[in-house]
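Could you slot chain R onto chain C? The hints should help.
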Amino acid sequence: MDRVWIFYAVQLAASVFALWRGGAPERLLGLALLLAAVSTQVLQDDMAIRFAGVELDVLLVDLALLGVMLAITLHADRFWPAWATALHLLGTGAHLARAISPDVIRLTYAVLAAAWSYPIVLLLVIGTVRHASRIRARGWDLDWSRQDPTLR
Amino acid sequence: MTGGRIDQLTEAQRACLRLVLSHHNSKEIAAIVGVSPSAIDKRIERAIQILGVGSRFEAARRLQDHEGPAGHHPAHAYAHAPAAAGAVPAYAGAATYERLPSEPIDVPTTPSGTADDRASGPWGLGHRFFGTLPTDGIEGVARNRSSKGTRLVKLIGLTVMIAIASMAVVNIAMTLTSLLRVNRTAAAPLSSAAPAVPNGGKHTMLKERRRATDAVTADFLKAEAAVDAAAQLAATCVSTLLQQRVAANLPVSTGTAALQMVAEASMDIIKARQRFVEAHSALIEVRRDIGLGQFYGYGDVSECPPNEGALRDAPRLSAVA
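Top to bottom, those sequences are chains C and R.
Start counting the first sequence at 0; every next residue gets the next number (numbering that gives the first Met the number 0).
Start counting the second sequence at 0; every next residue gets the next number (numbering that gives the first Met the number 0).
Here chain R stands alone, though its shape is the one from the complex:
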């Protein structure tokens, strides 16, 4: 059975396996045979597959067992000997197949793998763990052949790439969320927007426009003041919570979640207040748009500070009107 499989090996594969048995790594075999190390690896891998064994040394030993110790296999083992000798002139005598002490390098680097001077020494466990035994990696070609500098550059590139990609994902998610939210509010009935345009007629005289502006202004200022008061109250509430905990001699962790929520609510109110400040500016723009800007004489909208400025002049305007 195994013999039949060994028969399937090509002479090139056999030559490689013999060199493996005489303790040469892929690089050396490649130098001897005159092809690339990866070609040697392929040959040996193919041989391992044909024989159905676990490692190249097992394959080599299988071949040795099959061919006998000193080439006593008349039938076919050396049928192509001239070709092999031509390929490996210096190692034609490699048929001695001595077993070298360091042969078990084909054993996978499992923690219980190699028995070695350093392995049995005081640092043996460490060397085994870190894979730094002298027998580790005697054979084999590195897959990652980049220098340290290249690796660093790649690492930085990867970091930037991942950061950008993940930010893009977050952005997409946020955009989608806000889009869906807009759709939802658009679908909901609009109740508060209607009174914002009390006299929205076709022929709007200057006087009517002023009246409309003043009505909006009055309500707007009330709302603005209410939000401002709410912000003050919420901030006071946070402060009271903190003070009362101390006053009642309660542990620091008491009511942390509630405090956090109140503080966040307070922040939200302050944000709402900020919206009013922005709306304040926007309203001034509206006035200019409907031709009332001249009465409010403010050129730069953004210069309007919170809770003062153009809107405070509203009573004067109504007096004019």
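Same shape as in the complex, but just chain C:
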């Protein structure tokens, strides 16, 4: 299970970086991703039947995360959350695919549900770096678009 630990290390590093250097959207998503990863680990079924049926608990975690990401996408003064949310939407779609078609084999289900995590973490890191560079360049960076007085 080396792969799992590698993912945890990557996720933890990215989340800490986002919490440390990011603006509010980055902090929020960094925390949400970390919580989602941990709760998925806690909630998922035993290995024997994992991904054999629709993973209801994991699905709920994914849906909650999707809600958070959707809110960030709709309000944040950023462009990258839309990409991250789209990726996560596809990951959540794996549950739907499995529910509709029982032919989806376990490995496919697992890969479909998990593969999108890596680009999402990458997007989070890139977003944090860009936020930090904007802060450095001009001293401020809006967190939410509505904080711009002209948009009210």
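In case anyone wonders, no lab produced these hints; they're calculated from the structure.
Honestly, I wouldn't trust all of these hints.
[Unchecked claim] Anything over 10 angstroms on all C-beta distances counts as not near chain R; from chain C, calculated:
| hint | residue |
| --- | --- |
| 1 | 3 |
| 2 | 27 |
| 3 | 74 |
| 4 | 89 |
| 5 | 117 |
| 6 | 124 |
[Claimed, not checked] Label-pair distances were calculated between CB atoms; the ranges are:
| hint | chain 1 | residue 1 | chain 2 | residue 2 | range |
| --- | --- | --- | --- | --- | --- |
| 7 | C | 125 | R | 151 | 21 to 29 angstroms |
| 8 | C | 15 | R | 278 | 54 to 62 angstroms |
| 9 | R | 145 | C | 19 | 22 to 30 angstroms |
| 10 | R | 177 | C | 99 | 20 to 28 angstroms |
| 11 | C | 66 | R | 144 | 32 to 40 angstroms |
| 12 | C | 7 | R | 37 | 39 to 47 angstroms |
Even for Gly, the Cβ is constructed at its ideal location relative to N, Cα and C.
Below, chain R alone, put in the same frame as chain C:
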């Protein structure tokens, strides 16, 4: 040193910085000066670069320190004062440079950034975390100015795009894999294909064709039956595995991997059986192609059900021949 750098500021930049110090954001400065907010941002950014400071307020304070409290800088600070006054008539008296309590809005929104009523309240930590302090974002122009609807549409578009793109990548990978596999099998020596055409001569009389067909048919039916039996055995094996685990009172997780493999092998055999069914149809087509279709009188190939139909008539044909 800093003085020399301050000398490099243009009067327009200075005017902007003075307005920054009197607590105006880019929008307001833009309205006062009469240019776009982004132009104001550019001016201030340029000034920040020239002065080598971290924020616009630092730059403004640097300028204030340089010019002195009430314009006591005779040399050049107000050399272009008329121009500045022309540009900012209402704020010509802005040289009082009062420090406002909310001045630290230029501090980046780090968790330990702003000190504020709401920040120190019970929900202060939350407000700071979510960036919803009243001082957050007082200045600045939003980069992402899309409405929620636009963002939703963009999100859906992105999702579809990513799905299509990733499926395309998977397809390319699979196509390449199967192409390479075909090359590999093509390079390997063909052993099993040869006996499929036992009498493949130039002048094939009807009788010879029938004999060839019958030979193929016999072997084909044997193979088909063998695959069918193998499928049954494999399925039985899966069932036995499950039963024996219960019978031996072993935990549910025992032999999961093995069971999975046997079940998959069973599936593979069933797939192989399916191939035979398809080949069955294809063979009938071959018969028609070589002019024997009339003897097997089946119009629609796909109507041939598994393990019965045209091929079952083979003995009758040999009787005819």
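Please check whether the beta-carbon of residue 89 of chain C is more than 10 angstroms away from every beta-carbon in chain R. violated (6 angstroms)
Between residue 125 of chain C and residue 151 of chain R, does the C-beta distance stay in 21 to 29 angstroms? Between residue 125 of chain C and residue 151 of chain R, where Cβ atoms are some 23 angstroms apart, the hint holds.
Verify that the Cβ of residue 27 of chain C lies farther than 10 angstroms from every Cβ atom of chain R, and report whether the claim holds or is violated. violated (7 angstroms)
Please check whether the beta-carbon of residue 117 of chain C is more than 10 angstroms away from every beta-carbon in chain R. At roughly 13 angstroms from the nearest Cβ of chain R, residue 117 of chain C sits farther out than 10 angstroms, so the non-interface label holds.
Do the Cβ positions of residue 15 of chain C and residue 278 of chain R conform to the proposed distance bound of 54 to 62 angstroms? 59 angstroms Cβ-Cβ, so the 54 to 62 angstroms window holds.
Beyond 10 angstroms from chain R, beta-carbon-wise, is residue 3 of chain C? holds (18 angstroms)
Range hint 22 to 30 angstroms (beta carbons of residue 145 of chain R and residue 19 of chain C) holds or violated: holds (28 angstroms)
Given a hint of 32 to 40 angstroms, does the C-beta separation of residue 66 of chain C and residue 144 of chain R actually sit inside it? violated (24 angstroms)
Using Cβ atoms and 10 angstroms as the threshold, tell me whether residue 124 of chain C really stays out of contact range of chain R. With a cut-off of 10 angstroms, residue 124 of chain C remains clear of chain R, as the shortest Cβ separation is near 18 angstroms.
So the hint says 39 to 47 angstroms: do the beta-carbon atoms of residue 7 of chain C and residue 37 of chain R match that? holds (42 angstroms)
No chain R beta carbon within 10 angstroms of residue 74 of chain C's: violated (8 angstroms)
Take the C-beta atom of residue 177 of chain R and the C-beta atom of residue 99 of chain C, compute their distance, and say whether it sits inside 20 to 28 angstroms. holds (26 angstroms)
Hint violations for this structure: numbers 2, 3, 4, 11, all remaining hints satisfied.
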